[in-house]
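Full structure from sequences and hints, please.
Protein chains in written order, with the numbering used here: chain A, 400 to 823; chain B, 52 to 573; chain C, 72 to 228.
Treat the hints loosely; a few may be bogus.
Unchecked claim - Calculated cross-link-like contacts (lysine to any residue; reagent style SDA-like; alpha-carbon spacing at most 20 angstroms):
id : chain 1 : residue 1 : chain 2 : residue 2
1  : A       : 581       : C       : 85
2  : C       : 148       : A       : 667
3  : A       : 529       : C       : 177
4  : B       : 183       : B       : 257
5  : A       : 581       : B       : 211
6  : A       : 421       : A       : 525
7  : A       : 728       : B       : 478
8  : A       : 533       : C       : 85
9  : A       : 588       : B       : 107
10 : B       : 447       : B       : 478
11 : C       : 85        : A       : 532
12 : A       : 588       : B       : 108
13 : A       : 778       : B       : 168
14 : A       : 778       : B       : 130
15 : B       : 135       : A       : 774
16 : C       : 201       : A       : 532
17 : C       : 143       : C       : 177
It is worth saying that the hints were derived from the structure and are not from the lab.
Here's the letter readout for the chains.
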Amino acid sequence: MEVKILTEHYDDDNFRTLEGYKAKGGYVELEKAFKMKPEDIIAEVKASGLRGRGGAGFPTGVKWGFLPNNGETRYLLCNADEGEPCTFKDRMMMERAPHQLIEGMIISAFAISSPKSYIYIRGEYVYAAKVVEKAIKEAYDAGLLGKNIMGSGFDHDMDIYLGAGAYICGEETGMISSLEGKKGQPKLKPPFPAVQGYLKKPTIVNNVETLAAVKYIIRDGAEAYKKHGTEKSAGTKLFSVAGDVNKPGNYEVPLGYPLMDLINNECGGMKGGELKAAIPGGTSAPIITAEEIQKATLDYECLAEMGTMLGSGSIVIMNDKRCMVDMLKVISHFYHHESCGQCTPCREGTGWLHKLVGSVVEGTAQETDIDLLCEVANKMKGRTICALSDAAALPVLGIVPKFRDEFQFFIREGYSKVKGQAHA
Amino acid sequence: MLKCKINGKEVEVEEGTSIIEAFKKVDQDIAHYCWHPGLSVAGVCRLCMVEIEGNPRLQIACNTPVTEGMVVTNQSEMVKDAVKWGLDFHLINHPLDCPICDQAGECGLQDQYMQFGRYDSEMGQPKVKKKKVVDLGSKIVLDSERCILCSRCVRFTEEVSKTNELGIFNRGDHSEIGTYAGKPLENDYSVNTVDICPVGALTSKEFRFRQRVWFLKDKPSVCTGCSTGCHVDVYFNKEGLWRVKPRYSEVNGYWMCDEGRKIFKSTNVMTTEFVGERDDNKKRAIKKENRLTQAIHKESGKTVYKTALDSLGLLREKMNGVKKAALVLTGQYTSEEYTDLLGFWKSQFGVDNVYHWINHEDQMNEFDGLLIRGDKNPNTKGLQQAFEKAGITAKKDISNISDMDLVVVAGPENPWTFDDIPSVAQSLASNKSVVWLSATHVESAEQAGGNFQFIPVKTFAEKSGTFVNFEGKEQKFEKIDIFVEQALSLSEIATVLKGDFVKLDPVNQTERIHNEFVHERG
Amino acid sequence: MFELSADGKEFVKKELARYETIESAIIPSLYQVQKENGGWVSEDAIAHLSDLMGIPEARINEVFHFYTMFNKKPVGKYHVQVCCNVACAMAGTREMTDMFLDEHKVKEGEMTEDGRFTFTRVECLGACDKAPMMQVNEDYYEDLTPESARNLLRDLK
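Shown next as C-alpha cells:
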C-alpha cells in the first residue's frame, strides 16, 4: 500500500505555487521549527532515523552532527543532480512540489545554522530548474527567504545551480567541485565535506527527498515518522519503477515494503513476459533474480543482505525476454562514459569492462574473458576516490555470475541465448 | 611528535605528516606516480596503497595522515595485489614504445613493472588512441598516449609557476593533458614539468633523442645561472654535460628555472645547434667548437696558438715590465679563485686598478618571486667579500680603462648573460695588451683587433669551490670532471704567475658507465 | 572571432558576482555562449570568456570539455538526444536512433545536410517511467513509438 506523506498533494497542480502550497499547510512547519532550538531539530531528525535518500543511506542527523563548531560559514547543498540511471523521483518532487523542498531546506539550514544554500540541479532538468527558480523567487517575495525570515532573526539565502551533464556531479564532492566552477571531479576524503566542503567550508550535502522529508519529521515528530518502515529503515521512500511492468512510475511506500507487492499492486504486474530479474537501487546495484525478488523487501538491510543495495530507490524490472549480456553492455557503456578520469583503476577499468562486454556481443571474446571480466571488476572495487569505480564493477559482479550461462552461450554460439539468432 | 611503524621500522614524525612521507623518512620503497613533495596531493594514481593495522580497507599513503601508534605496511599480499593491478590499469592503454621513448631508463612505469609487473598483458582490446608528438612550444614535446594522467604537470602550472597553461580535457579514458587551442607551454619554469613527468609523456626538446639515460652519470652541483644558486644534478658522460635538473634544497625547493638549465652549454667542448623548424627538410645540426681548448694570441692581426701553460709563461715574463695594469673580474668564479688571484694581483700591481664588471647593474636586484634573480652571476656576493677582505674598492666603469700596459679580464663563464662583451672588447682593444681568461671562445674579442691573449679557464663543472648566493649563503660544490685538458682555474693561474708549478688533472676521469646504473627519479 | 552580445556580457558580469567564487560563473557563461552561438561553443569563445572573466583559458577549457551538454561542434536547429540507457534501451530507443540516422542519412553527432537535426544517444534523462523518451533541445518527449517520434520530428518547424 502506498503511504503518501511527501506525495500527498502531488496531483494538485496548484501545489507547486506558494499559494497552493500554503493552502495545504505549507510553511507551517517552518514557523514551528523557528520556535525550536536548532539542536533540538537535529536531535529530532537523528531520532527519526531518517537516512539519506540519494543512494548511500547515511543517517542524516548523524551527518549534520559532523559539522565542526569553528565559527566558519556553513553551507547547505541540495543534491538534485539525479543521475543514477532509472531514478526520476527528485525531478518529480521539484516539478510538483518545489516549496516542499524549499521549506525542508530552510528548516535544515536553520538547524545547522547555515546562511546560504544551493540546489544543484542536473543540467538536463531545465524544466524542474525553472519551477524551482520561480518558487525561490516567490519565497523571497513572501519573506520566506532573505533577512529575518518570519521575524525569527534567521537569515538565509538560497540559489540554484545548473549542472551541465556529468553523472559524477551526483557524488557529493564531485558536486562541490562542480559548484566551485571546476570539473566535477570528486575530492579526496578526508577531509569530509562536513569539515571542509564547498570552498573548504563546512558543508552538508543532502538529497532532495531527504531535505523534503525533514519538514514532515518536524510536523509529525520523530516517533510518528518512525512508525513507518522498519527498525533500521525508518519512514517512507519514493521508488522509481521502470522496465517491464504495466504501470511504471514513482511510488511512495514505507520502507520494508515487499518488492513483489510493489510490482503486483502499485505497478500493475508484469508486462510482456515472466519476471526474470530486477535491479533494485539504480544501475550500480547488483541485480537480483526472480527467486530473490520473491523474498526482497525494500529496506536498506534486506537488500544489503542479498548483496545488493537500496541505493536511490530506482527499480528496473526485467522480464524473461531480456538478454543479460545486452543489459550489461548498456550499463557498462554508461560507466565508461561517465568516469571522471581521475583515478586510474576507474578511468582505465570502466573502458576495459565496456570493451570486454562488447567483445562478447561482437563475437571476439573467449570463455576466459568471463572470468577476466569479474577479475577486472573485483580489482576496481574500493580503490578509488569515489564510488563510481565500485558502481561500475558491481553490476558486472551481479550479472555475470548469476547469468553466466548467457555469456557462455553468446561466446560459443555468437548470438543471444534469450533473443535468438535473429537478433544476433 | 607521533610514533608509528612503517614496514616494521619505528619512526617518529611530526603531526600532519602523511604516511608516504613517513615511508620516505625511513627509506622504504613505495610505488607512486601522482604524489610529489612539491605539489598538492591529487591521490589519483592509486598506487601508494598501504595496509593500516585495524583498517580492513587499503588506504592511499599520500592522503592519509599518520596517527599515534599507527602500524603500516605495504609488504602484505593485499597491497602487492593492489599495486600489481594498479599498474595493470596504468598499462592497458599505454603504448609499448620503450625502445624509442626518451624516458626509458628513468620511467616510473618501467621501474614498477620490473617490481610488480604482470608479465602477460591481459588487455586484448584495442587501445585508446590519443595525440602523439604534440609540439608544446620551444622547449617541450607531449605524447598523450604515454601520459598516465597523474596531473603533476597540471598542478605545477597551477600551483608553482601559476601560469595555468595546462589542463586535463575530456573525461574517463579519453582524458588528455594539453594546452588550450594548442597554445605553447612557455614559461620560465616549464621544463620542471618534464622532470616531474613520471613517464615519457613530456620530453625536453633540448635533451630528447640525445642520450640514453643509463649511459649518463649524475653528480650534484650548484647552478651558475643567477645569484639564487639552485642546487642541481648534472648529467654527464665523457663527451660532456647533457642536462641539468634541480635537486631539492632549502634554496630552491624542488625546482629550477629553464634559463638555468642552459649552464651545461658553457662546459661542453662542442655544441650542436639545430637550424630550421621541425618539419623543415633543411633542418640540420651545426657542430661548433664552443670551449677554448688552448691559448690563442692575436697580435697585430696574426693568430698564434699556444698551450695554456706556455701562454701563461709568456705573460709572467711580460708582467715584469708592466707599469700600469688593470684587473677585470666578473661574478662567475668561485670565492677561492677570487682570493687567490686577488692575493697575487695585490702583491704584484697593488689595489688601484681592479674592476668589477657587472652585467645590467640596473637589474641586479630584480626577483620574480620564485627563483629567478636579476643578478645573472652565481657569486657576486663572493666577489664583493673577496674585494673587502683584500681591501680593494673595485671600480665599475670598464669603458674608462685605457693607457694600460696590461689588462687581465676574467670573463664570464656564461657569455650570454653579458650582452656588452663586444663593446667591452672593443674599448679594451686600445690598451697595449689584453689577457682574456675565458672558458669559451670570445668571438667578438677575437675580432676586435688590438693585442689579445686568450687563455682557457675551467667551468664550474671542472673545479670545486664555493659560491655565495644572494642571501650570503655559502654553497660548496665539487668537481664533476675535466673536459678541457688545458683549462685552468683562476687559482691555478695565480699559482703559475707566482712562479710555482701546478699539476693538472687529466681529462675524462669518468669511468665507463655500466647499464646497472640506476638513478633516482624526480 | 566570437563575441557575446552586450546582454550576454552583462549576464556574465552578473554571474561573476552571483556566486562565492568567479569560477562558478564558468558553466552559466558557457551556456550563454552556446545559446548565442547556435547551440555550440567554438574554441575562440573560450578565449573570449577568458578575457571577459579573468580566468585562464585552460581552466575554462577543462570545464567545457568535462560536461556533455556543451557541444563541441555545430549542431542542428533541433538537437535530438535519445536516451539509450537501460529503461529506454529496453523500450527500443537504440533501434529508434538507428532509424532516425537512417532516414536522415546522417551519422550520430553530425548535422543533417539541411541543418535541421543532430541526433545523439545520451545517458539516462530521468524519465524512465515514460520510456522510450528523448529530449529535443530543452523539451522532453515521452512514451514514444517509432511512428510518433517520426511524426514529431516531421512537425518540428
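Here is what the structure says about each hint:
Between residue 581 of chain A and residue 85 of chain C the CA atoms are separated by roughly 19 angstroms; this keeps the pair inside 20 angstroms, and the hint holds. Taking the CA atoms of residue 148 of chain C and residue 667 of chain A, the gap is about 40 angstroms. The hint is violated against a cut of 20 angstroms. Only pairs whose Cα atoms come within 20 angstroms are accepted, and residue 529 of chain A paired with residue 177 of chain C is rejected, the gap being roughly 33 angstroms. Annotation: proposed proximity of residue 183 of chain B to residue 257 of chain B holds, straight-line Cα distance about 18 angstroms (limit 20 angstroms).
Only pairs whose Cα atoms come within 20 angstroms are accepted, and residue 581 of chain A paired with residue 211 of chain B is accepted, the gap being roughly 19 angstroms. Among the hinted pairs, residue 421 of chain A with residue 525 of chain A is inconsistent with the structure: their alpha-carbon atoms are about 25 angstroms apart, more than 20 angstroms. Restraint check: the Cα-Cα separation between residue 728 of chain A and residue 478 of chain B comes to about 81 angstroms, which exceeds 20 angstroms; the hinted pair is violated. Taking the CA atoms of residue 533 of chain A and residue 85 of chain C, the gap is near 18 angstroms; set against the 20 angstroms cutoff, the hint holds.
Proximity of residue 588 of chain A to residue 107 of chain B is assessed by CA-CA distance (about 17 angstroms); at most 20 angstroms being required, the pair is judged to hold. Taking the CA atoms of residue 447 of chain B and residue 478 of chain B, the gap is near 14 angstroms; set against the 20 angstroms cutoff, the hint holds. Taking the CA atoms of residue 85 of chain C and residue 532 of chain A, the gap is about 16 angstroms. The hint holds against a cut of 20 angstroms. The straight-line distance between the Cα atoms of residue 588 of chain A and residue 108 of chain B is roughly 14 angstroms, inside the 20 angstroms bound, and the hint therefore holds.
Our distance criterion of 20 angstroms between C-alpha atoms is met by residue 778 of chain A and residue 168 of chain B, whose separation comes to about 15 angstroms. The hinted pair formed by residue 778 of chain A and residue 130 of chain B meets the criterion: a straight-line CA distance of about 12 angstroms does not exceed 20 angstroms. For a cut-off of 20 angstroms, the pair hint linking residue 135 of chain B to residue 774 of chain A stands: about 13 angstroms separates their Cα positions. Between the alpha carbons of residue 201 of chain C and residue 532 of chain A the distance comes to roughly 25 angstroms, so the proposed pair goes past 20 angstroms and is violated.
For the suggested pair residue 143 of chain C and residue 177 of chain C, the alpha carbons sit about 18 angstroms apart, so the restraint of at most 20 angstroms is met.
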